[in-house]
Amino acid sequence: MLQFVRVCKRYPEAGDVLRDVSFSLEKGGMTFLTGHSGAGKSTLLKLIAVIERCSRGQILFDGQNLNRLPDSQIPFLRRKLGLIFQDYRLLHDRTVFDNVALPLIVAGLGYKEVARRTRAALDKVGLLNKEKRNPQVLSGGEQQRVGIARALVHKPSLILADEPTGNLDPELSLEIMNLFAEFNSVGVTVLLATHDVGLIGRLGYPVLRLDHGQLQEPE
Amino acid sequence: MRKPRPPLRSARQTIASLLGKSPAGSYLQRWRQKQAELWGGYLDQHGHTLFASLGRLWRTPFATAMTVMVIAIALALPATFHVMLKNVQQLSGALETSAQISLFLKPQLDDDAGLQVAERLRGHAAVESVTLVTKESALREFGTYSGFAEVLDALGSNPLPAVVQIRPREGASGREAVGALLGELRAQPETDFVQVDMQWVERLQTILAIARHGVAMIGLLLGLAVLLVVGNTIRLELESRREEIVVAELVGATPMFIRRPFLYSGFWYGFLGSIVAWLFVNLMLLFVYFPVRRLAELYARQFDLRFLGLGDALILMGFASLLGVAGAWLVLVPQLRRLRPE
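Protein chains in written order, with this note's numbering: chain E, -1 to 217; chain B, 435 to 776.
Calculated directly from the structure, the hints in this document are not laboratory data. Heads up, the beta-carbon is just placed ideally off N, CA and C, and yes, glycines get one too. There may be inaccurate statements among the hints.
Among the chain E residues that face chain B by a calculated CB cut under 7 Å, a handful are [said to hold, decoys possible]:
{"no.": "1", "residue": "Val48"}
{"no.": "2", "residue": "Pro73"}
{"no.": "3", "residue": "Arg76"}
{"no.": "4", "residue": "Arg77"}
{"no.": "5", "residue": "Arg87"}
{"no.": "6", "residue": "Leu89"}
{"no.": "7", "residue": "Pro101"}
{"no.": "8", "residue": "Val104"}
{"no.": "9", "residue": "Gly106"}
{"no.": "10", "residue": "Gly108"}
{"no.": "11", "residue": "Tyr109"}
{"no.": "12", "residue": "Val205"}
One-sided and incomplete, this derived list gives chain E residues near chain B with beta-carbon spacing under 8 Å [to be verified]:
{"no.": "13", "residue": "Ile49"}
{"no.": "14", "residue": "Phe74"}
{"no.": "15", "residue": "Leu100"}
{"no.": "16", "residue": "Ala105"}
{"no.": "17", "residue": "Leu172"}
Sequences are here, hints too, so could you generate the full structure?
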């Protein structure tokens, strides 16, 4: 469903961040993306969400060539993705419910449908009882679960998580990872960038290792 | 040699088969269903955004009130001038219908000559009515209005001429018709001079035309001010809602979705500003209402001060709302380009 063919990304000020990256993800898989900080993990995820465009190479997603995707189509591509961030990126001027509902409202769903799906997503991450709270009063782990609910609520075909456990202690990290594993087991495709090597080893999923912008062969 | 044409029938058949056998029919159905779903959401979205943006303004009452007041003042100024002009126009219109020509006879002529002239003019096609002010009554009138009755008495003889007051016929009160009549009157041997009350009405009309242009200019400038005030307010709002915009973009919001709440904010600023402006204008008019009526009474004139009516108010509201939306739009397009997720 996702294929990188010799993808390069060069920033005028930082030089090559990604060099000749080629890989593909199968539908329903869960893959880790790892590497030292600055190895290009975040950049790789940004290329998939077309937050950045690649300098060379091809990125194919769902049969679409993202290089040729016009700007006007970017919103519709992003509706097929679920994005999760290290700093959660929740909006503090509204409730948990409204945060999670955002992708559905953006997609123009009717209010009833929005409410039903939002509650279902909150239920999946175990926060249904906190829907009226402000995200600021929640713990870090809870905030990230709100972020995950927001990424799942519109049933995306691919979830991209950028260091989702970066701000959490090991116990909460494991909890969040288990959540991802659970979703993956019901068929959600996940690409998860992390530098938490210990965590990856224990879980036994396929790993893409980036080193200075180049993909290393798996050992 | 002519090439054989492909038969038309086959094309029609192809279309028919496409419509009938392919999934086009069911596709249409699905499309309709999808549209119904989308439209439901679309209306939900618009209604929600409309009132959400009003709610957002309500939550910062002080800042909102300040912006709305500035807009209201900018709108109230040209609106007030406009109403004042309308009032003066109404007044001058009333004067125009009462345009009157005073024909002063040569002072040595007596009232009999005046009577003859009056009689002759009564038959004229362009004349509605004729009144003769005899030397005697002119003297009496002058005595009562000026208070110099004794002085005139002391003169012994009556220096005042007989005056024939002529009211032109309604249809003939146009400039040319009145001009022709004037020429005729001036040519009469009995005429000393002819005075037209129309002249100053005409001058007033010209002054009013200039004033109308002035009001249009002021309106244009202050309309621009409204545009800029709304634009600047929206720019600040954009700045304070950066995070929200970026997150919405990341979850697949279209540029229109992102612009919409700000366009509605612009609409509300313009709309609320126009309502307050309407109140301002009518309060100001109410303030001068009684003095103006007193003045009208002094001139023994029937004059009703006109307020900014519902029709004008609706135009003002529509115009101001449009300006608000335009001001927001002006800022949104370049500013949102900067607010892309990184």
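Item to check | Which numbered hints fail | outcome: 1, 12 and 17
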